[in-house]
Structure formats: structure tokens, C-alpha cells
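Enquirer: Same order as they appear, the protein sequences are chains H and E.
Take 758 as the starting number for the first sequence in the numbering used here and just add one per residue.
Take 264 as the starting number for the second sequence in the numbering used here and just add one per residue.
Hints should not be assumed to be uniformly reliable.
As a list, the in silico DSS-like pairs of lysine-lysine whose alpha-carbon atoms are at most 30 Å apart [said to hold, decoys possible]:
hint	chain 1	residue 1	chain 2	residue 2
1	H	Lys1140	E	Lys411
2	E	Lys438	H	Lys1006
3	H	Lys1003	E	Lys380
4	E	Lys320	H	Lys1495
5	H	Lys1149	E	Lys411
6	H	Lys1003	E	Lys274
7	H	Lys1329	H	Lys1299
8	E	Lys411	H	Lys1378
Keep in mind that the hints were calculated from the coordinates and are not lab data.
Since we're looking at a predicted model, the values are computed, not measured.
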Amino acid sequence: MKVEISRRRFLQGSVAMSIVGASAVSATNIFASEHDSKKHVVGIPDTITTKTSTGKAEEVPFLCAICVNKCAGFARVEDGIITKLDPNPYFPKSRNMLCARGNAGIQTLYDPDRLKYPLVRIGERGDGKYKRVSWEEAYNAILNGTDKFKGILQILDEEKDNRSTIGYCNGEGLSKEGFEVLMGEKIGTPNYVDEISICLETVLGGFFSTWGTYGEADLNNADYLVIAGANRAEAIITPDTLDLFKRSKGRGLKTIVLDPRFTNTAIKADRWLAVNPGTDLAFVLAMTYVVFKEELYNKEFAKKHMEGIEEYKQHILSHNYTPEWAEKLTNISAKNIYKTAREFMAARSPIYYQGRRSVFSNNDFQLRRAMAIFQGLSGNMDKKGGIIYGEKLPLPKEDINAPIYGQALSRFDGKGIAIPSQKTGSWIQFRNMILEGTTPYPVRAMFMRKHNPMAGVPNTKKTEAFLKKMDLNVMIDILPSDTTMFCDVILPEASYLERTSPVASYGALEPAIVLRKAAVKPLYETKVPEQIYKELAEKLSKPLWENTLKYDEDVQDDTEGMSKKELAEYYKENGYDLAEPWEKSVTEQNEEKIVSTYGEKAWEILNERGVYYPHIEEYHKQININESEYYPENKKKYTTQGDKLKVKCNLTNLTKKGVDAMPTWSDDMQFKVPEGQFRLVTGRHAQFTQSGTTNNLMLRDLVPTNYLWINSRIAEEKNIAFGDTVEVKSSVGEVTIKAYPTEKIAPNQIFMLHGFGGSSAEMEIAHGNGANDAIIIEDKIEPVYGAAVMHDTNVEVRKV
Amino acid sequence: MANYGMAFDYKFCINCHACEVACKEENGIDLGAKNHRLWIQEDGNTSGDFWNLDKDKVQFMQMQCQECEEAPCLKACPNGAIYRDDNGIVRLHKNLCDLTMACMHACPYGARYVDEKRHVTDKCIFCADTRLARGETTTACQITCPAKLRYFGDLDDEKSEISQILKERKHFTLKSELGTKPKLFYLE
Chain H
758 MKVEISRRRF
768 LQGSVAMSIV
778 GASAVSATNI
788 FASEHDSKKH
798 VVGIPDTITT
808 KTSTGKAEEV
818 PFLCAICVNK
828 CAGFARVEDG
838 IITKLDPNPY
848 FPKSRNMLCA
858 RGNAGIQTLY
868 DPDRLKYPLV
878 RIGERGDGKY
888 KRVSWEEAYN
898 AILNGTDKFK
908 GILQILDEEK
918 DNRSTIGYCN
928 GEGLSKEGFE
938 VLMGEKIGTP
948 NYVDEISICL
958 ETVLGGFFST
968 WGTYGEADLN
978 NADYLVIAGA
988 NRAEAIITPD
998 TLDLFKRSKG
1008 RGLKTIVLDP
1018 RFTNTAIKAD
1028 RWLAVNPGTD
1038 LAFVLAMTYV
1048 VFKEELYNKE
1058 FAKKHMEGIE
1068 EYKQHILSHN
1078 YTPEWAEKLT
1088 NISAKNIYKT
1098 AREFMAARSP
1108 IYYQGRRSVF
1118 SNNDFQLRRA
1128 MAIFQGLSGN
1138 MDKKGGIIYG
1148 EKLPLPKEDI
1158 NAPIYGQALS
1168 RFDGKGIAIP
1178 SQKTGSWIQF
1188 RNMILEGTTP
1198 YPVRAMFMRK
1208 HNPMAGVPNT
1218 KKTEAFLKKM
1228 DLNVMIDILP
1238 SDTTMFCDVI
1248 LPEASYLERT
1258 SPVASYGALE
1268 PAIVLRKAAV
1278 KPLYETKVPE
1288 QIYKELAEKL
1298 SKPLWENTLK
1308 YDEDVQDDTE
1318 GMSKKELAEY
1328 YKENGYDLAE
1338 PWEKSVTEQN
1348 EEKIVSTYGE
1358 KAWEILNERG
1368 VYYPHIEEYH
1378 KQININESEY
1388 YPENKKKYTT
1398 QGDKLKVKCN
1408 LTNLTKKGVD
1418 AMPTWSDDMQ
1428 FKVPEGQFRL
1438 VTGRHAQFTQ
1448 SGTTNNLMLR
1458 DLVPTNYLWI
1468 NSRIAEEKNI
1478 AFGDTVEVKS
1488 SVGEVTIKAY
1498 PTEKIAPNQI
1508 FMLHGFGGSS
1518 AEMEIAHGNG
1528 ANDAIIIEDK
1538 IEPVYGAAVM
1548 HDTNVEVRKV
Chain E
264 MANYGMAFDY
274 KFCINCHACE
284 VACKEENGID
294 LGAKNHRLWI
304 QEDGNTSGDF
314 WNLDKDKVQF
324 MQMQCQECEE
334 APCLKACPNG
344 AIYRDDNGIV
354 RLHKNLCDLT
364 MACMHACPYG
374 ARYVDEKRHV
384 TDKCIFCADT
394 RLARGETTTA
404 CQITCPAKLR
414 YFGDLDDEKS
424 EISQILKERK
434 HFTLKSELGT
444 KPKLFYLE
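Just chain H, with the same shape it has in the complex (with noise of 0.2 Å):
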């Protein structure tokens, strides 16, 4: 490992000069990285990649965090490096397997512009100006302010000890229930919002209230799948991905896509359906038309299963959902929608695939719920080949004290929602009502981890002003993301290689317990998660306390004389001591909760294989080098539900909350775009997962920017060559982005990648390349859970 081409050099003269307006390294940037080209940095490698050895190494088992769908690895280290990230043979989820993101999450560990020490604010939100501080000192910012902000002491006393003035939001991960403890739980605020209500929140709603899980589709074993909304081949979920296209393209799956755009998914499909955007939901009534007309059903199950079917028989009939009235509206040929529903009602086991992220369009509820009864009308239920229920394996729950505190009060954005969240609410709604001052209290502070609402929530402008209205922002991250930016304290924490997290527990069909172990030390001076919300529970606790005597009645009517003894245990023993669920490390939760469930073998194997699942010993076999048998056939949890399996054709309780009891389509669903102008559809795909993925020397290197995709026909029209800057605006915002002309999507749709265009100047590689289609998407919601509908906006589109 010698210092050949050093990351900060790579970084000057490939990428920065072909970035336009990215910035210098300032003599006060104190985000900028320690190790330049000529200084050694024990524990971080001199070059980019870094050859393995045929010397000493260790394997650490990890579950890769580059993206949501988790992965078991082994971390190859090295003189305390780590020099490659292998897939885990043991995980019978990833089997195997790690995508190029996995393989690069070396990069995001040394990434040069990671977030190094705590930071306090100086200078302005916004324009990037920090004093490196001490953990301490950080803590005290947070408690107390500075000159420059409030803390949170001051806040809650101006509040009276309203907690919910406090406001929250966090990222995905194994970490995630720590903060939700720490903030929701003990600091006590409803407020709390997250990824759910702007990704898959209508998807997990729809198939729960009618099938009562989201299940898991056994495409190692279907013989016919329609595939709507879901790139597998660029959007990776495992063992999903695996499976599929291996046997699509007449080798035992067809495979139908339905998706606005030619992707990989439709090249690697049998048949693609170019649907127009939102009208699925047509499509799926329609083929339940054909099914229902022609008694194609499997009667049956039904008999046995369906919950309504004779009403909502008898509500797809009368509606007349015929294929003829959907060609109109969906794009699909009547032909090919009489085709796919028969072929689908013929075939052994077929399987219209859930999909995940995310809420495309207003229907999308009632969309997910007639996929799950159509599904259901096939019978290809609880059973191989069809969706899974299965099995998890239990882990004990930690019981929280929590305490109670009477001067909160009650979340708010859920107004005017069918069934709002109460756990994590809807991020448009409570930014905006936030904005507009129409909440019923003030929400004074931002407590984020993990978390980019600048370039996840639509209408990037409306989020700026909602962080700029706060008193108090603080960020838990591992990079300077965009909203880091606009934060008053920051902390800068270990990232999923440096950190031993919670046990998990995965799977339906092959369920096992799969452990992250540190593979190296926390670089510089971050933390692990739950040692920074240890820290801040200790700092904040008693100052807190103090504040719910001063102002919380019940509390002090229940203290009334108390001596300074009883009013101590009386403190710990109702809760109000915030760092009490911390008090035991992560390593010794895990190895309690493991042994006491399943005993001390158990914890032997998951510390040395990652994965551990009952007779894992047993049932685990090598087939080949290269891939493995987890459970014998007979061992699959194929059909767990026998006859509480019950598929809900008409929620007639939801009629109360105005949603339609049973899928039906209205005519504002259609699909409309004004001349001149098109509809955006953004995505994702195989090399980036979103904007914390976009600083990484690697994957920049696969995929260097997004462009816009523009139909090759309407761009030479408008005189639109490859890589011509043009100007993408909507009602919300405006981005400029190089244009891809291609013929794999319609005239009147463009399509951008998610996660790009990133404004934090302290990621060189993400900072203004590419464009944020946050900044463009309108802020709207769909009525049920107030989940963010991503594909509702059209823009216009002109060359500068």
C-alpha cells in the first residue's frame, strides 16, 4: 500500500475541475479531510482502492447499510483496514451476494469529506461556517445554545415543557429504534416523521389491511409474474433480484413488466407494457373485469378466503372496468390486458409482484389493493410459488420506561387525513403546516439523524425555509449532506463498518438473526449511534427533569414533599432518567437477547458466521462454491396460515373515513399532460441508492451524473442534443440537468434519476452535479396516510 494516487489529489484533478462551481478548500473548512497526499493516516488507506494481501487478515461479518434492503458481508481488515467487502454465504436473504454498492462501501468508510469531529455553527444557516468543538461542548450546544442559536433547555422553558415542540426525523436502519427510544420515548414529542410518508407507505397499507402482511413473493418458485412500479434489475431487493432473472425470458418465469420507461427490468422481461404514469390502477380493474366476466377465479379459495367477493364481483361488473375502457386510459392494448389477466389465471403459481417505493399517484392505495385481491383471486396464497407469509424469528423487545409528561401535547398534521400515522406522521403535511403557522403549538426544533428531507422531500425550497424557521437543528450523520448544512449542532457518527448494531431478525420463507460487528474502530472522532445517544440522554436528562418540576403539574402534585431521596428514585423510577435504556452496551444486549432465546451456541455461530437460524449448522449446505441451500425443502415456511389466511375485498369501515371501501377509479385519475409540456417520473438504479450514496469515488465513477431522459423525437425538435444542459421547471422549482434523448421513453414523459444535485459544498463529489429532483416534485400527498406522491408533476422543458 504505497501513496500513489492519493483520494484528495484524485479528487483535484479528475473531479473538481469537471464540476462546475465546486468549491475551493478554504483555510476555515473545517469539514475538509486531515489526510492529503502527503501525510500517512493511521487506519485510512493511502490509495482509492487497495489490493489485498496474501498476508494476516481478518473476516468481520457486517449487513451492508448502503441501501435499505440489507446484506450479510464479511470486511476483509487488514492492518486495521478494510480492504474488500465479500458477500456472506450464511444469509439466506443476500445468498451470496453483494451489488456493485455493497462492493463500494469501502469508499463511503474513507470517503474524504466524512463528517470528522463535532461541529457547532458560527456563521450563518446555510453558508458552511463551524467551530470544531468537543463532544462535551457539542452536548452543552445542544442543552444551552450558543450565541448564535437557543438550546433546547431554553426552548422547553419558553414552551412550559411542551415536548412536542420538539420535532424529529430519522433514516432507515438498525440503528433507527435507539432514536426513536431517545426522542419519541423518553425526551417524550409525538412529533416524529421519517422515510415511510415518502416512499412506501400506501404499498405497506394496502396489502396489510387486505392480505394482513405485506408477504413475500417466492419468485424461485412462480411460474408467471407481473412485475408494475418495480425495476428489480436496477432497484435491487434481495432474494427478489436473485431469483427473478434467472428464470425470466422462457426459462420458467414470464415475466410481464409493466413501467412508463424501458428499463433493465423490461429488456430482462418477456413482455413490457408501457403504462401510462398513475393508471395501473385502471389496468388492474381491468384484468379483475376479465377475470371476474369469464369465472376465471379460483372459486375455491375464495369461498374459503375472500372476504366481500360477491360485493366486489358485483362492484367491478356494474362499474364495467372493461379492457376496452382501460386501453383509453392506461396505454395497454385491451387485447394484451385480456392476454396477461387470463395467462395470469391459467398459470400454476403467478404472482403480481407487491413492488416497494414507492407512492406514485394519488390512487396508489386503492392501486395496492387491488393487486393484493387480484393476487388473492388466484389462490396463489400461503403456499409455494405464490406469497409468503412464513416466519420470523422472535427477538426480545426491550421494555422502555417511559416516562409521561403533561404539558405535551398531541401530534397535528394528521389533519384532514383518512388514517394518519400516528407514529410517523406525514413529512409534507407536518413541514408545511409548520411553514404555513398553522399548528396549534409552535415546533421550535429539529433533531435529525440520518436523514436528507433537502433532497428526499418534494419542494426542496419549501424544506430550506421550514430548517431556516427553526431555533434549534441538530444533525446525527456520517457526511455534510444538504440538510447537515442548515444545522446548528452536528455529530458526526461511525458508519455501518465501524459499528456493532442491534440484532435483526429477517426473512418469511428462510428466517434468520443477522449481526453487524465493527470491522474497524470509528474513524477520527466519531461515535457508534448508541453511545451519542447515550451521551446526549446523560447530558440532557437532570436539566430536563428540572424543567418538568417547573411546569408539569401531575408531576408536581405527585412530588409534593418528597425528600431529595424520594424525589430521586421517584425520577428514575417513572422514567425520567433519559439514558436508562443505554445503560447495558449494544455487544451485551445482543449476546442477552441471543442467549436467552436461543441459547450460548447460538451466539457462538452468529459472532463468527453473521447469521445464525435454528440447526443452521444442520440445514446449511454448499450446493457449489458459489451459492448454498439454507433450509431443506421440507424445512420452508411455505404455508404457515391454514385458514386465518383471509384476503378483505371490501373494507366497508373505511367508508367512514371517506375512502372507498372497495378499488374504484375516479376521472381525476387520469392521466394528463398539457401540451408542451411532460410528466416527470424519477427513479432509481443499481450503482447509487439516493443522495447518501452520491459522494462515492466508485460509484461516480460507474454512473458520473443523472441525465434527463427525453424522447429522441420531441428533443430534436427542441433542438436538444446529448448532453445539452437544458432547464427542467415546474410550478415548485427549476434544476438544469444534461439531456439523454433516447427513444425508451414517451413523448410526453421525462425521467430523471433520484438522489443527485446535491447543494452541500462540503461533499465535492455530489456538490452540484446533477440535479435534485426534490427540488422540482410538487408537495403533494394522497389522501389515506398523507404519504408524498412522487409522480403527480408535469414541467416544462427548454435548452439553455
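Keeping the supplied structure of chain H fixed, place chain E upon it in accordance with the hints.
Expert: Frame of chain H, contents of chain E only:
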């Protein structure tokens, strides 16, 4: 001692580039699209307009050194820097390479590139000085692949998985008309 080769279930490829990143990280290959021991080639563009898109020609091909039995690069090197190792892999004596680039011009597969760090030409060597040197019997690209489309093994061992597969399944080699006799096989 072995005679290593590789076979590809090339139709399984979803163009995810996991192989490419795994290779670069394992073998310390420089960043930059032109610096690669292996790459995925997108063949057969779509034709026609959106409403009548002819899409069936599109496919993704796994490209890398074909480990020719009659290797043009080996014959072309004026310095005798290229040799075949005990495992049948075409290798390079780095100290003898002075970047005449004759091997690059001779290779009909474009498999070689200039390694600017070491000032030599480089190509896929089946992880010979990393994984194989440690006694492992897989390549980085092979184990990481989500589609599990790569088979690697000893072609001289009749019982090896790759030998069995080549016996059972139809396959072809790239530019077979050149007589280079590649040891990389694409399975139909």
C-alpha cells in the same frame, strides 16, 4: 497446477456492475472507466420509436481477457514479458514490460489497458496474485455476482463444475474465427 477457465450464463446479467467494483477493490485497480480488468458491454441497441420499440436484441456481455490458448498478446510482446503460469493463466513479468503496447494492439478483445500506477499493461488474471495466491478457489467477480452467472474452475479436471457444465450445455467463444481458442465460454 490447473488449467483455469471461466463460463458465463451471460443471459442472466442485469448490468449491475457488481463484478466491476469487486474486481477494482480486490485487485487495487485505479478508478476511471478505461482502467478495468473486466467490464460489461451493452450490445444491440433498441431500434424503432417508443411505441414500436424493437428491444429483443439488447443484451449484456461480460468482457475481460479471454485467456486464449493461442494468445496473440503473448506472441506479440517484443520483450518476452508475457508468459503462461502454472495455472494456465496469461501473466506478465512486470519488470520486463516497457509499455511497447504491442500486446494491446495484438489483443482482438481489447482486454488490456495501461496501468498508470505500475507503468505496465494489465488485464484480468483471475485474481491470481490475490485470491488464488491465498489458496482461495473463486474470483472476486464470481462470488459477488447477484445473478451467479460466472463459473470458474479447472478445465483439465473432468469432475470440476465448469467441465461438467461445458459438457452438458451449448456454448460459444468470442471471435472463434480468429483461432485464438479462448478459455472463456458463453453458455446458451
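Enquirer: Work down the list of hints and note, for each, if the structure agrees.
Expert: We went through each hint and held it up to the structure:
1. H:Lys1140 to E:Lys411: holds (26 Å)
2. E:Lys438 to H:Lys1006: holds (26 Å)
3. H:Lys1003 to E:Lys380: Cα-Cα ~38 Å, so violated.
4. E:Lys320 to H:Lys1495: Holds, at roughly 27 Å.
5. H:Lys1149 to E:Lys411: holds (27 Å)
6. H:Lys1003 to E:Lys274: With a Cα-Cα distance of about 8 Å, the restraint between Lys1003 (chain H) and Lys274 (chain E) holds, given a limit of 30 Å.
7. H:Lys1329 to H:Lys1299: holds (11 Å)
8. E:Lys411 to H:Lys1378: holds (17 Å)
The structure shown violates just one earlier hint, number 3.
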